[in-house]
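One-letter residues, chain by chain:
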Amino acid sequence: MCHSDQHCIEECLNGRPDAFRHLVVRYERPIMSYLVSRMGDREAAAEAAQESFVRAYFRLNTLKKGDSFSSWMIGIAQRVMLETFRRKRREENLSGADTPVAPTTDVGMEDHSELAEAVSRLPAIYREVIVLRYFGGLSCAEAADRLCVPLGTATKRLSRAYRLLRAALTLPDGQRSEA
Amino acid sequence: MKCQQCNEQLVPYEECLLDDTAAAMVKAHLADCPTCHSEWLATQQLRERLLASGNVSIEKSLDVTVMDQILRTQAVEIRRHKMRKRLLTFGFSGIAAALLVGLTLALRQDGSQTVSAAEILARAVEAASDLKTVYLKCRMRTLPQDNFSNLDLDHDFVDVELWKQYDPTLKWKIRKPGRVAAMNGQQTVMLIGSRIGTKLDKPTAMPFDTGWLHRLAAVDEVLTRELTAIAASGYDVKTTHETRGDDVEQFRTVVEVETSRKVGTYLKNKFLSTSDTRRVYVFDRDTGRLEGAKYYCKTDGKEVLVLEIVELKYDVVMDDLEFELEMPENVVWYREPQRLPDNEKYEKMTPAEAAQAFFAACGRSDWEEVAKFTTIDFSASSRKSLGGLKVIQLGEPFQSWPFAGWFVPYEIRMSNGDVRKHNLALRKDNPAKRFVVDGGL
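Going down the list, the sequences are from chains A and B. For what it's worth, numbering that gives the first Met the number 0 labels the leading residue of the first sequence as 0, then goes sequentially. For what it's worth, numbering that gives the first Met the number 0 labels the leading residue of the second sequence as 0, then goes sequentially.
It should be emphasised that the hints constitute simulated quantities derived from the structure, not laboratory data. It is possible that part of the hints are untrue.
[Stated by the list, open to error] As a list, the in silico DSBU-like pairs of lysine-lysine whose alpha-carbon atoms are at most 35 Å apart:
| no. | chain 1 | residue 1 | chain 2 | residue 2 |
| --- | --- | --- | --- | --- |
| 1 | A | K63 | B | K172 |
| 2 | B | K347 | B | K1 |
| 3 | B | K383 | B | K347 |
| 4 | B | K81 | A | K87 |
| 5 | B | K81 | B | K131 |
| 6 | B | K136 | B | K81 |
| 7 | B | K427 | B | K198 |
| 8 | B | K383 | A | K64 |
| 9 | B | K344 | B | K383 |
| 10 | A | K63 | B | K131 |
| 11 | B | K81 | B | K267 |
| 12 | B | K59 | A | K64 |
| 13 | A | K63 | B | K383 |
| 14 | B | K297 | B | K312 |
| 15 | B | K389 | A | K63 |
| 16 | A | K63 | B | K301 |
| 17 | B | K201 | B | K301 |
| 18 | A | K64 | B | K237 |
| 19 | B | K172 | B | K312 |
| 20 | B | K237 | A | K87 |
| 21 | B | K297 | B | K427 |
| 22 | A | K64 | B | K312 |
| 23 | B | K198 | A | K87 |
| 24 | B | K267 | B | K312 |
| 25 | B | K81 | A | K64 |
| 26 | A | K63 | B | K1 |
| 27 | B | K297 | B | K267 |
Quantities reported herein were computed from a predicted structural model and do not represent experimental measurements.
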């Protein structure tokens, strides 16, 4: 975890909640991007992102020192999203609606749910570099800096993450490695 | 630039992190190599999908609403806390304690998620990245003196060891009973038995048939391949925790992957690369490093343990002398077949004709002619055993992947009356382009 993230978390744990605002601003884009990709609905994603940050704040003391805040946040966002889907399903069952419970996609918005799910299933060290690079819009160097790892380590992790994602998505042109 | 180097440079290339020279080398390789080019295109497609999925703009920051909700929730929590205190005062301490226990258990459950096989493998990949040296000892069912890669399911285990230095200069040594090979940074030598030697006057990464062991020692790559296979199967892998005698908890990951390549029947289960295997990996809980592995070969409805990594040391100091191999004075050197004055005659031979001509020369004890089909000079004992042989019959030549040559079934009667029945291995991927014996005698 970067010193700045760690510093913000320590501040929060020491009774200064306003430090959490920095973490929200820093990570709202990756979390929103992830949730929009998976839920396909911007408004629902915004609600889930908000709920995720609030839950994260009250569970900051469970985040182990050294663990990545961004990867941990994605885990929380994923749980909130699944709860949202379950709640929606229950509501639809109660109302007798005959509509599918799968996430809907906003008009004009491409469906990235399969990709986002594959990202969410990556091991944490690969998920966090993808989240920062693509959902957070950071450069590789910035992601390495945020993760406090050398640039070479970040590029290797990115390379391995691509391999796993391609295998999970079975991209047609990809050569799946034989183990 | 080799494919592996290109592969390692692809992400830095895409991210514009390479200098002009390195970028030009990657670009040139991509233009020349269809495999790497398609790899690059596939990654490009993925990157485009990732970029598109991450292209979400934030119109209004969530910070105000999040902080408002945090403060409101905190206020509610404070009210609840006060209420709880009142309840305790009124004698409901038992109920409150039960609630507290429940809450604690819930939190504990939340915090101690089961570590998945993928997480364990990913951690082990990281722990084995950028190694300077690795020492690997395994026991393997193989015939002593036979090829390094030979598997023999009916044979007992023999030890196979690898010492490898990656940094600052690549050096390595591999030893199994009756066979040792070493590369000291300048040249590569191999000693088979006590007197047959092979020398390459250049450093090599994985010559002869040592590739499988070098690949096995590249722990990060091995585990990345397993991770990739797991990802393709939906991350469905068994993981168990075990405690050794010294109370060190270990993770045991069971990975099951079937060989998907089309393998020739004759060479099925003769090498790891031609076997259907189930692999079990064991990891150290504290360091996350791979500590051992077992490879089970699936054959005839049963499983046979064929290889076990019993020792794995990372970044140990290795003496340069470790990579020097002293050859005996009476060494018989392997010689690469060179073109003969009448090379065309041999070049035109079919596998069956080459086998026929080789055995006929042995039968006549014409060792000069025999030498045209071999890469070493036969010892006195080999000459005594093969001289005067008679061919009983030769079968139909066949091929079996991954061997690049041909097998010719034969039945011969030796001069002492013994009958030998086997498959003569012949290959012609040499500068002289004529068939030479590569095993099966």
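Honestly, which of those hints from before does the structure not fit? 1, 5, 6, 8, 11, 13, 15, 16, 17, 23, 26
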